[in-house]
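Q: Listed here are the chains, written in short residue letters.
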Amino acid sequence: MAVGFGSVLRRGALAGVLAGLAAALTIWLVVEPVIRRALVIEDLRGMHGGHAAGVPLHGGDEPLVSRSAQVVGGAVTSVVVGLAVGVIFAVVFARLRDRLTGRGDLGRSLVLATVGFGAVTLLPAVKIPANPPAVGDPATVGRRTTLYAVVLLLGVAIAVVVPMLDRWLASRVPVPSTRWAIDVVATVVLLVLVLTLLPGTPDQVPADVPADVVWDFRLASLAQLGAMWLTLGLAFGLLMERGEAVRPGRARVDAGTTVSA
Amino acid sequence: MTTAASVVPSTASAATVKVPVWAWLLLAVAVFTIYVLAQENGALLSAPAAEMLHELTHDARHALGVPCH
Chain Y
1 MAVGFGSVLR
11 RGALAGVLAG
21 LAAALTIWLV
31 VEPVIRRALV
41 IEDLRGMHGG
51 HAAGVPLHGG
61 DEPLVSRSAQ
71 VVGGAVTSVV
81 VGLAVGVIFA
91 VVFARLRDRL
101 TGRGDLGRSL
111 VLATVGFGAV
121 TLLPAVKIPA
131 NPPAVGDPAT
141 VGRRTTLYAV
151 VLLLGVAIAV
161 VVPMLDRWLA
171 SRVPVPSTRW
181 AIDVVATVVL
191 LVLVLTLLPG
201 TPDQVPADVP
211 ADVVWDFRLA
221 SLAQLGAMWL
231 TLGLAFGLLM
241 ERGEAVRPGR
251 ARVDAGTTVS
261 A
Chain P
262 MTTAASVVPS
272 TASAATVKVP
282 VWAWLLLAVA
292 VFTIYVLAQE
302 NGALLSAPAA
312 EMLHELTHDA
322 RHALGVPCH
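Residue numbers (the working numbering), protein chains in the order written: chain Y, 1 to 261; chain P, 262 to 330.
Read the hints as simulated data drawn from the structure, not as lab findings.
Backbone N, C-alpha and C fix where the C-beta goes; we use that ideal spot for every residue, glycine too.
A couple of the hints might just be wrong.
Pairwise CB distance ranges, derived in the manner of DEER restraints [as the list claims (entries may be wrong)]:
id	chain 1	residue 1	chain 2	residue 2	range
1	P	Leu306	Y	Arg242	19 to 25 Å
2	Y	Ser177	P	Ala308	56 to 62 Å
3	P	Glu312	Y	Val161	37 to 43 Å
4	P	Val292	Y	Trp180	45 to 51 Å
5	Y	Leu230	P	Phe293	23 to 29 Å
6	P	Glu312	Y	Gly4	41 to 47 Å
7	P	Pro281	Y	Gln204	45 to 51 Å
8	P	Ala289	Y	Asp183	26 to 32 Å
9	P	Phe293	Y	Gly104	31 to 37 Å
10	Y	Val184	P	Leu306	54 to 60 Å
11	P	Tyr296	Y	Leu25	21 to 27 Å
12	Y	Arg103	P	Leu306	44 to 50 Å
Kindly generate the complete structure, drawing on both the sequences and the hints.
A: Below you can see the structure in the form of structure tokens.
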């Protein structure tokens, strides 16, 4: 009846690697073309003496790592990050499995992945948006990193506080729809507070970076992270359900599912 | 056992997964791994090693949306 933690962790790790591969594929297809457009701007600055012009210049004349190595390194990084996110996801899922709403483990997994995407990806992305090369000012990276971490932690805090509020309301508000409405309003109010009260990025996008490069890059970054969370939620949920279905003694035939091999 | 049975509703107990203590250690390791890959810029590593790591993970860092140089 009970599901062991080890089997949850193994499925989390596998789903994480798959999510990392999906992210790497999205980087390769969607993000890299925009990075190439941004690097052309950096190269143009190099010709005109970028540092003298007061705009950030990335790297020196001799690159420490070649472009092709950076592309491969980026793919490897996203797979390892995917694995780590999958492990975290599995631990949190195991801890919260009896509390997550959703139909079966696939439903629960998709709910958790959606909350994860909102709390640690979308909220920081809205407050401190991703930027392509040629935009970030090295002098402010420490401040931007702190701000990013604070927004991310506040996103997690909202994801923890709202379910607590929901349980507190459960015994006080008899009508479920009223309770859900209060949950939604509380979430929106907390998000607006985070977005309005915290300072934004101190950087200004340099004048030589076209707006569409920045916009395309931010969309591409969200696409990559969205691909990661979606693959993680789907793969983990399906692996959990499959594990349940094939366990001897409690075989469960899902309608519309063909079991092969 | 008696406390667990009294706290957890009977409908939820089937879905409960017992999480061992080492799992939280593993979670900390995973968070640290993400920090090293996404944010490490010399706080822990020597400057040349950190720069090498930064350049290798460069594209993924930008794509992950973490603040970069």
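Q: Please go over all the hints and tell whether each is borne out by the structure.
A: Checked hints:
Distance hint for P/Leu306 and Y/Arg242: a CB-CB separation of about 41 Å, inconsistent with the stated range 19 to 25 Å. Restraint check, Y/Ser177 to P/Ala308: a C-beta distance of roughly 57 Å satisfies the suggested window 56 to 62 Å. One distance hint, 37 to 43 Å for the beta-carbon pair P/Glu312 and Y/Val161, holds here, with the actual separation near 39 Å. At roughly 31 Å, the beta-carbon separation of P/Val292 and Y/Trp180 lies outside the given 45 to 51 Å, and the hint is violated.
Separated by about 25 Å at the C-beta atoms, Y/Leu230 and P/Phe293 satisfy the suggested range of 23 to 29 Å. At roughly 43 Å, the beta carbons of P/Glu312 and Y/Gly4 sit within the given window of 41 to 47 Å. In this structure the supplied range 45 to 51 Å holds for P/Pro281 paired with Y/Gln204, their Cβ-Cβ distance being about 49 Å. Under the hint 26 to 32 Å, the C-beta atoms of P/Ala289 and Y/Asp183, about 30 Å apart, fit the expected range.
Range check, P/Phe293 to Y/Gly104: Cβ separation about 33 Å, and the 31 to 37 Å hint holds. In this structure the hint that Y/Val184 and P/Leu306 lie 54 to 60 Å apart at CB is violated, the actual value being about 44 Å. In this structure, P/Tyr296 and Y/Leu25 meet the distance hint of 21 to 27 Å, their C-beta atoms being roughly 24 Å apart. For the hinted restraint 44 to 50 Å between Y/Arg103 and P/Leu306, the CB-CB distance of approximately 46 Å keeps it satisfied.
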